[in-house]
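Novice: These are the residues of each chain, in order.
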Amino acid sequence: MSEIKNKIGLILILLIIPLQADDLSTNPAKVLQFANYLFEQEDYLRAAIEYERYLFLTDQQNDTILFKTGLCHQFRQRYDYAVESFDHILDNQNSALTQTARLAVLYNYAQQQNWLAIRARGFQNDDEFFYYYLASLKTNSVQSVKDLTFNRWDMGLFEKVQDDSLRAALIAIENQKQQIKPKSPIVASFLSTIFPGLGKAYIDRPGDAIFAGFMTSLAAIVAWQAFESKLLVTGVITSGITLSFYLGTIYGSYIGTQLYNESLHKKLAEQLEKLNPVQKNPYWLKWQKK
Amino acid sequence: MKKPIFLFILALLLLTNIALGQGIAKWSDYWEKPASLISEPPGPITYPGFFKSSALVWIRIYQKGIASQDLPACVFHPSCSRFAFGAIQQAGPVKGVLLAGDRLLRCNPFALPYYQFDGEKLSDQVARYVRNKK
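Line order of the protein sequences matches chains A and B.
Just so you know, we're using our numbering here: the first sequence kicks off at 1 and counts up by one.
Just so you know, we're using our numbering here: the second sequence kicks off at 1 and counts up by one.
Excised from the complex, chain A in its bound form:
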C-alpha cells in the first residue's frame, strides 16, 4: 500500500514541477518581475530578453517596458537595437514618454555617429536642437571644401532656441566655425606631387615637410647612384622605397588635410559637448534608481 502511495506522490511531483516551470516562463507578471530583478542587477542582456518576452506574452504596446528594453540595449552599447526599441514608443502618438524617447533616439544615434539620421529627424525643442546642430558640425567636418560652400548653416534657425544662454553659446560656436578656413586635400596632394613634403608644409607641419623632402630625395639619390654603379638589386630595392615614400607623401598629404580639417571642428565639438543636455541631466537616471 505504501509503495502505491509513493508512486502516486512521485507522479504528482513530476506533474507539479513542469507546471511551475511553465508558469515562470509564461506568466507575464512573473516574467516582468524577473526582468526588473535582472535590470536592477545590471544584467542588461538577459533583462532585455525577459522584457521582450513580456511584450510578446502580453501582446500590447507598453511604452514603459519598451523604454526599459531600449535602456538595456543602450547600457550594453547596442545602440542600433536601442534606437529600434525607442522608435516603437514613437508609434504611439499619445505616449507620455514621446519626448524622452525622441531624445533617447538622438542620443543613441550620436553614440553611433549616425549624424545624417539625426539631421533627418529635425528638432522640436532645445534639447533636440542641440543634437541637430552637433550633427551639422560633425557632417561639415568630413565634407570637402566644395560641399561646404553649398551647405552653410542657416543662422535664422537659432531664433527657434528658447533658452537664451544656450542660444548665445551656440551662436558663439557658430561664429568660430564660420572663421575656420578648411584646407583642400587636392591642393595638398598637388603640392606634394611637385616636391615631396610641400603638402605637409601646407597643413602646418614644417617638421614633417623637411623630413619627408630630405628622406625622399636621399632615397632617390641612392637609387640613382646604385643604377649608375650597375648594382641592379640595390637599385630596384631603393627605387621601390623612393616610390613608396613619394606616393606615400602624396596620399598622406591628402588624408592629413582631411584630418587637419576634422581637428579644427573637433575643438568646437569639445566646446559643444559642455552644452549637451543629456550630459547635464541623463534621462536614464530616474529609471536606474527605481
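Since the hints were made in silico from the structure, they are not lab data.
Even for Gly, the Cβ is constructed at its ideal location relative to N, Cα and C.
Treat each hint with caution, since some may be false.
Simulated crosslink set (BS3-like; lysine-lysine; CA at most 25 Å straight-line) [said to hold, decoys possible]: (1) A:K266 / B:K121; (2) A:K274 / A:K181; (3) A:K286 / A:K160; (4) A:K266 / A:K177; (5) A:K30 / A:K286; (6) A:K183 / A:K160; (7) B:K121 / B:K64; (8) A:K280 / A:K267; (9) A:K181 / A:K286; (10) A:K267 / A:K286; (11) B:K121 / A:K183; (12) A:K230 / B:K3; (13) A:K267 / B:K95; (14) B:K2 / A:K230; (15) A:K30 / A:K177.
Pairwise CB distance ranges (calculated) [said to hold, decoys possible]: (16) B:L10 / A:T234: 16 to 22 Å; (17) A:Q162 / B:F51: 55 to 61 Å; (18) B:A127 / A:A120: 24 to 30 Å; (19) A:W224 / B:G49: 57 to 63 Å; (20) A:S217 / B:I9: 34 to 40 Å; (21) B:G49 / A:A169: 48 to 54 Å; (22) B:A127 / A:D163: 53 to 59 Å; (23) B:A73 / A:V278: 43 to 49 Å; (24) A:F227 / B:G49: 27 to 33 Å; (25) A:Q279 / B:Q69: 47 to 53 Å; (26) B:T16 / A:F227: 28 to 34 Å.
Model the placement of chain B on the given structure of chain A, informed by the hints.
Specialist: Coordinates of chain B only, in the frame set by chain A:
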C-alpha cells in the same frame, strides 16, 4: 642547370608566402589582443591574395627577424611595422603600402606636438586613416 633550381626556389617561396599570409591574416588579431578581449572565433579561412599575403609575410619576417634584434626605436604606438601590417590588412596592399610609406616619413623627431602622448609613445592608430564607409 642553375635556372630551374632558381625557378623552383622562387616558386617555393611564393607558395610559402601565400600559405603563411593566409595564416597571418587569419590569426594576427589573436596575436595582438589579450585573450579576454577576443569575443568571436576567427571564422572561415579568407584568401587575402598574393600581394597582400606577400606584404604581410615580409613585414612579419622583419618584425621577428630584424626588428627584434634592436631596441624599440619607433616613436609611435603602434610601431611603424605594426601600423603597416594593420594598414595592408585593412586597406589592401596598394593603400596600405602608401600609408606605410607616409607613416615612415611621419616617424621623426618633430612629430611630438601633433599626436597624443600616451605616457610612453605617441598614439597613431590605423583606424584614423582607414575608415569603413557605411
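Novice: A separate judgement is required for each hint: does it hold in the structure or not?
Specialist: Going through the hints against the structure:
1. A:K266 / B:K121: holds, 22 Å
2. A:K274 / A:K181: holds, 24 Å
3. A:K286 / A:K160: The hint is violated at about 29 Å.
4. A:K266 / A:K177: holds, 11 Å
5. A:K30 / A:K286: holds, 23 Å
6. A:K183 / A:K160: violated, 32 Å
7. B:K121 / B:K64: holds, 21 Å
8. A:K280 / A:K267: This hinted pair holds, its Cα atoms lying about 20 Å apart.
9. A:K181 / A:K286: violated, 44 Å
10. A:K267 / A:K286: Status violated; Cα separation ~32 Å.
11. B:K121 / A:K183: violated, 28 Å
12. A:K230 / B:K3: Holds, because 22 Å separates the two Cα atoms, which is no more than 25 Å.
13. A:K267 / B:K95: Distance of about 29 Å is beyond 25 Å: violated.
14. B:K2 / A:K230: Cα-Cα ~22 Å, so holds.
15. A:K30 / A:K177: violated, 54 Å
16. B:L10 / A:T234: 16 to 22 Å: Holds - the Cβ-Cβ distance for L10 of chain B and T234 of chain A, about 19 Å, lies within 16 to 22 Å.
17. A:Q162 / B:F51: 55 to 61 Å: holds, 59 Å
18. B:A127 / A:A120: 24 to 30 Å: Since the Cβ atoms of A127 of chain B and A120 of chain A sit about 26 Å apart, the hinted range of 24 to 30 Å holds.
19. A:W224 / B:G49: 57 to 63 Å: Given about 32 Å between the Cβ atoms, the range is violated.
20. A:S217 / B:I9: 34 to 40 Å: Once the Cβ atoms are compared, 36 Å apart, the range 34 to 40 Å for I9 of chain B and S217 of chain A holds.
21. B:G49 / A:A169: 48 to 54 Å: Since G49 of chain B and A169 of chain A have Cβ atoms about 52 Å apart, the given range 48 to 54 Å holds.
22. B:A127 / A:D163: 53 to 59 Å: With a Cβ separation near 36 Å, A127 of chain B and D163 of chain A fall outside 53 to 59 Å, so the hint is violated.
23. B:A73 / A:V278: 43 to 49 Å: Because 45 Å falls inside the window, the suggested range holds.
24. A:F227 / B:G49: 27 to 33 Å: This hint holds: roughly 31 Å between Cβ atoms.
25. A:Q279 / B:Q69: 47 to 53 Å: Between Q279 of chain A and Q69 of chain B, where Cβ atoms are some 50 Å apart, the hint holds.
26. B:T16 / A:F227: 28 to 34 Å: holds, 30 Å
The structure fails hints 3, 6, 9, 10, 11, 13, 15, 19, 22 (numbered hints given earlier, in ascending order).
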